[in-house]
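J.: Put the two chains together into one complex, using the hints given.
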Amino acid sequence: MSASILIVAEHDGTTLGAGTARCVACAATVAQAEITVVVCATDASAVARQAAALRGVHRVLTVEHPIHAHPLAAAIAPQIAALGGPYTHVLGPSSTFGKDLMPRIAALLDTAQVSDIMAVEGPHRFRRPIYAGNAIVTVEVPADTKVVGTVRTASFRAAGVGGTAQIEKIDAPVEPPSHTRFVSTSAAKSDRPDLQTAARVISGGRALGSAEAFQMLYQLADKLGAAVGASRAAVDAGYAPNELQVGQTGKIIAPELYVAIGISGAIQHLTGIKDARTIVAINKDPEAPIFEVADIGLVGDLFEIVPQIEKLL
Amino acid sequence: MMKRIVVGIKRVVDYNVRIRIKPDGSGVVLDGVKMSVNPFDEIALEEALRIKERAGAEEVVVATIGPSDCQAQLRTCLAMGADRALHVLSDAPTEPLTTARILLKLIEREQPFLVLLGKQAIDDDNGQTGQMLAALWQRPQATFASKIELGEGKAQVTREVDAGLETLEVDLPAVITVDLRLNEPRYVKLPEIMKAKKKPLETLPLESLGVAPGAHLTTVRVAAPPQRQKGIQVENAAALVATLKEKGLLTS
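In the order they appear, the protein sequences are chains R and A. For the first sequence, my numbering assigns the number 1 to the initial residue and increments by one for each residue that follows. For the second sequence, my numbering assigns the number 1 to the initial residue and increments by one for each residue that follows.
Next up, chain A with everything else stripped away, as it sits in the complex (with noise of 0.2 Å):
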C-alpha cells in the first residue's frame, strides 16, 4: 500500500485582509474579498512535502470541503508541491463536526498512515476539526504541533502547549494538527504553477459521501467587539510611574 499523506485544507479569508461586518449583523462580508490557503494548513502542507521528500512518504494528498471556488486554494497546494486533490463540494460552509465524518470518508478511502491538519483556520478560530477527526478515527491525535519526527509505526510530536513543550508518541496512523513554529512554507514559482493545472484534482459532490451536512449551531448574530478607547500620554518616566502610583497598579 502506498504510504500517503492526507492534509485538510480550508479556503478563508486572507490574512491580510481587514474583515467587515455585514450591517445586518448576519456574517462577515466575503464578496470581492481575497481568500486563501488557512496559514496553518498551509504549514501543515509544507510539513507533509517534507516528508515526502526525505522519503517518509509517497503521496500527500490534499483535501478540502466548500463550493467550487475552492479549487483555486486547491490548485496552489498542487503548486506547492501535492500530487493530488480532493474537492468535496457543498455551498453551504461545514461545522467542525461535519467537516470531520467528511474527511473521515476520505480517511477511509485514502488510508493514510498519517494526517495533517492546521490547529484552526483563522475565520471562525475553532480549532476542533482535527481532534474531532481522530475521535471519530478512534486514532490518536498531537495537537499544535512545533516538530515531527516520524519513526517505524510512530511519531514523537513535540506539541506548543501554555506551560512550554510537551513531547507525545503517538502510534501511526494519527492526525496532528500543526502549529506556527513547525515551519515556514515555500513560495510557489511560476512553473509549478503551469504543472499544477495537469495534476490530478477530483471533486466529489458531498451527497456522494452519505455524510449530513447538519447545522448544529445557529449564529444569532455578527457584531463588532468593544473598542477600547485611547488614554493619556504621560512625558516621563517619571509621570508614568506617578500615574500608576496614584491608581494603585502597583501594589496588590
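With the rest of the complex left out, here is chain R (with noise of 0.2 Å):
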C-alpha cells in the first residue's frame, strides 16, 4: 500500500521554516510515500520554491488568498480541509504553528490526531512521547482512516536540498472565515541562529541572578555562532524572554552541542533537550540533576567559568 502525505509549510511569507523539512524527513520514513507539500500565504512563490527544493517532496501546491498573510489557524484549516480528501496523511510541525493548526484540521476531517510523532513504525503505527517525555507511547490509527499528525522536528534530521518538485498553484477551495484577524507580533529580530534549528545552543538558568548577568551568555553564544536559550525558571524571573525557553513547556530541541550554565535540570527542562547530541552542564552544585544526563559536567562558579572560556575561544 502506498501512502500519499500532504503537509503544511510552516513560512513567514518569504522563507520556508526550518520544521517543514523535518516533516519531509519524516513523511519520508513511511513507506512508499508521495509527498506533497501545501503553502498558504499571499504570495506563495518563494516559499514555494524551497519546498519544492527539498528532497523527497514530489509536488507543491500553493494557495494564494490575503487572508493568508498571517498563520491564522482558522484560516487555513478549512482550505487544508477541504484538500485533506485524497491523502492518506496530513502532517505539520508540532510548533505553535502546527500545534494550533492541525488539530482544527483534524476536526474538520472527523479524525482523530496524533501529536508530536517521534518515530514511525508504519504507515498508520507511531511512537510519542506522553507525561512530559517520561513515558513513549506506541499509537495506532485504524488502517481505512486518515492520519493527522504533528511531528516532533527535534526528532527527525532536516531532509537535504536539491530537489525539483513541480509547482502548481490552486485557487483556494474556500472563502475563510473573518471572525479572527491578525493584530500584531512583538517578534524580536535577531541575527542569531534560530533557538529550534541551532547546531549550538548557550543555555542560562536561575543561578545567572539577573538580566544583565544573562548578557554575558550572549556574547558566548555570538563566539560561538550559537543561539541562547533559557530555563523556564529564568525566564519566570525575567532575566530572558519567553520564546527563549526550553524545555517542557518551551521549545524542544536538539542541537549537536547544549551548554546548561546555571541550570539545576527540572525534569521539564530535561524533556526538551534530551535528544541533543552533547550536553554540556556548569554547575555549582555537584548534585544538580543536570549532571545526569550531561555528556560533559563542570562543577563551579559560573561567573569564574564563562569569561575564561570566553577567553580560551
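These are computed hints drawn from the structure, not numbers from a lab. Heads up, the beta-carbon is just placed ideally off N, CA and C, and yes, glycines get one too. A hint or two may mislead.
Said to hold, decoys possible - Listed next, the in silico EDC-like pairs over lysine to aspartate or glutamate satisfying Cα-Cα at most 16 Å (straight line): (1) R:LYS284 x A:GLU235; (2) A:LYS199 x A:ASP83; (3) R:LYS169 x R:GLU64; (4) A:LYS230 x R:GLU310; (5) A:LYS3 x A:GLU110; (6) A:LYS247 x R:ASP144; (7) A:LYS245 x R:GLU310; (8) A:LYS34 x A:ASP14; (9) A:LYS245 x R:GLU256; (10) A:LYS247 x R:GLU256.
Claimed, not checked - Which bits of chain R does chain A cover? Going by a derived footprint, with three or more residues having C-beta under 8 Å, they are: (11) 67-78; (12) 124-130.
T.: Following this line, the structure appears as C-alpha cells:
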C-alpha cells in the first residue's frame, strides 16, 4: 500500500520554516510515500520554490489569498481540510504554528490526531511522548482512517535540498472566515541562529541571578555562533524573554551542542534537550540533576568559568 | 441571557508525581496515585474567575468528563470560585475529538460567550481539545494565551508563539486555550472548601448526550524513554574547551 502525504508548510511569507524539512524527513520514513507540500500565503512563490527543492517532495501546491498574510489557524484549516480528502496522511510541524493548526484540521476531517510523532513504526503506527516525555506510547490509527499528525521536529534530521518538485498553483478551495484577525506580533528580530534549529545552544538558568548577568551568555553565544536559550526559572525570573524557554512547555530542541549554565535540570527542562547530541553542564552544585544527563560536567562558579571559556575561544 | 464562561477541566496525575509504567506496558500506574486538576486548566479557571470579578461575566461553569472520582476535582474548582459544575460521567477515557464533541453539547446547552481550556493536559500531552472544539463549533480559537482583553463582542488575545508574542482579535463566542504565564491560580481556603460542598454539581451520563465514545487510536504499548548515560567530569574551563575542541563541537 502506498501513502499519499500532505504536509502543511510553515513560513513567514518569504522563508520556509525549518520544521517543514523535518516533516518531509518524517514523511519519507513512511513506506512508498508520495509527498506533497501545501503553502498557504498571499504570494507563495518564494516559499514554494524552497519547498520544491527539498529532497523527497513530489509536488508543491500553493493557495494564495490575502488572509494568509498571517498564519491564522481558523483561515488555513478549512483550506487544508478541503484539500485533504485524497491524502492518507496530513502532517504539520509540532511548532506553535502546527500545534495551533493541525487539531483544527483533524476535527474538520472528522479524525483523531497523533501529536508529536517522534518515530514512524508503520504507515499507521507511531511513537509519541506522554507525561512530559517520561513515557513513550506507541499508538495505532485504524488502517482505513486518515492520519492527521504533528511531527516532533527535534526527532528528525531535516530533509536535504536538491529536489525539483513541480509547483502547482490552485484556487483557494474555500473562502476563509473573517472572525479571527491578526493584530500584531512582537517577534524580536535577531542575527543569532534560530533556537529551534541551531547547531549550538548556550542556555542559562536561575543561577545567573539577573538579566544583566544573562547578557554574558549572549557574548559567549556570539563567539560560538550559537543560539541562546533559557530555563523556565530564568524566564519566570525575568532574566530572559519567553521565546527563549527550553523545555516541555517551551521549545524542544536537538542541537549538536547544548551548554547548560547555572541550570539545575528540572525534569521539564530535560524533556526539552534530551535529543541534543552533546550536553555540557556548568553548575556550582555537584548534586544538580543536570549532571545525570550531561556528557561533560564542570562543577564550579559560572561567573568565573564563563569569562574563562570566552577567553579560550 | 446570562453572560457565562465555560471552563473545561481534566483530572490528571498530579504534576509532582513521578509516574510509573505498568510492567506489561499497557499504560501508566494510576491506582493510589495523587490526582489533581490539570495545571493549565486551573489557570483557565483562574482567568474566568478574574473576568467575573471585574464584572466581565456573570457566571463561571466548570465541566469535566470522566469517572465518578472526578467530582473531587470539580469540588476543588467550586472552592476556587466557580458557580456550578457539570460532570459528564464516562468510565473510559475519552480522546480529544470525543471530548470536543461532548463539550460542544454542553456549549449548546449553556450558550457561553467564552470557553476557556488549558492548552494541553499534562498526562497525554495532546494539546488538541480546544482547537477541535473551536472547529466543530465553527468559532474562532486563540491558543497559548498569555493575556486576554475582552471588548464588546470580541477579545484581544496575546499568544505565546515560537517567535515571541502574537496578538489576535477574535469575535465572541470563542475558544481560548491558556498558557502558563497568563496568571497564577489562587489558593483555596478552608471556608471556601466548606461552601463548595453546597454549590450545584450536575452529573450527566455520557449516553444522555448522544455522543458516541468512539476510540480512534489504539495504544499498542507504553514504554520508558531511553535514558541518557552520565558522562565525564572535567576540572576547569581549559579542560572543557579542550574536550569540546577534540570532539569537533566548536566548529560546524
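J.: Compare the structure with each hint and give your call.
T.: We went through each hint and held it up to the structure:
1. R:LYS284 x A:GLU235: Holds, at roughly 12 Å.
2. A:LYS199 x A:ASP83: Holds: LYS199 of chain A and ASP83 of chain A sit about 7 Å apart, inside 16 Å.
3. R:LYS169 x R:GLU64: holds, 8 Å
4. A:LYS230 x R:GLU310: violated, 25 Å
5. A:LYS3 x A:GLU110: holds, 10 Å
6. A:LYS247 x R:ASP144: Violated - the C-alpha atoms of ASP144 of chain R and LYS247 of chain A are around 48 Å apart, more than 16 Å.
7. A:LYS245 x R:GLU310: Given pair LYS245 of chain A, GLU310 of chain R holds - Cα atoms ~14 Å apart, limit 16 Å.
8. A:LYS34 x A:ASP14: Status holds; Cα separation ~6 Å.
9. A:LYS245 x R:GLU256: Judged against 16 Å, a Cα distance of about 13 Å means the pair holds.
10. A:LYS247 x R:GLU256: holds, 11 Å
11. 67-78: holds (count 4)
12. 124-130: Coverage by chain A holds for the segment 124-130 of chain R (3 residues, Cβ < 8 Å).
In summary, the structure is inconsistent with hints 4, 6 from the numbered list given earlier, while agreeing with the others.
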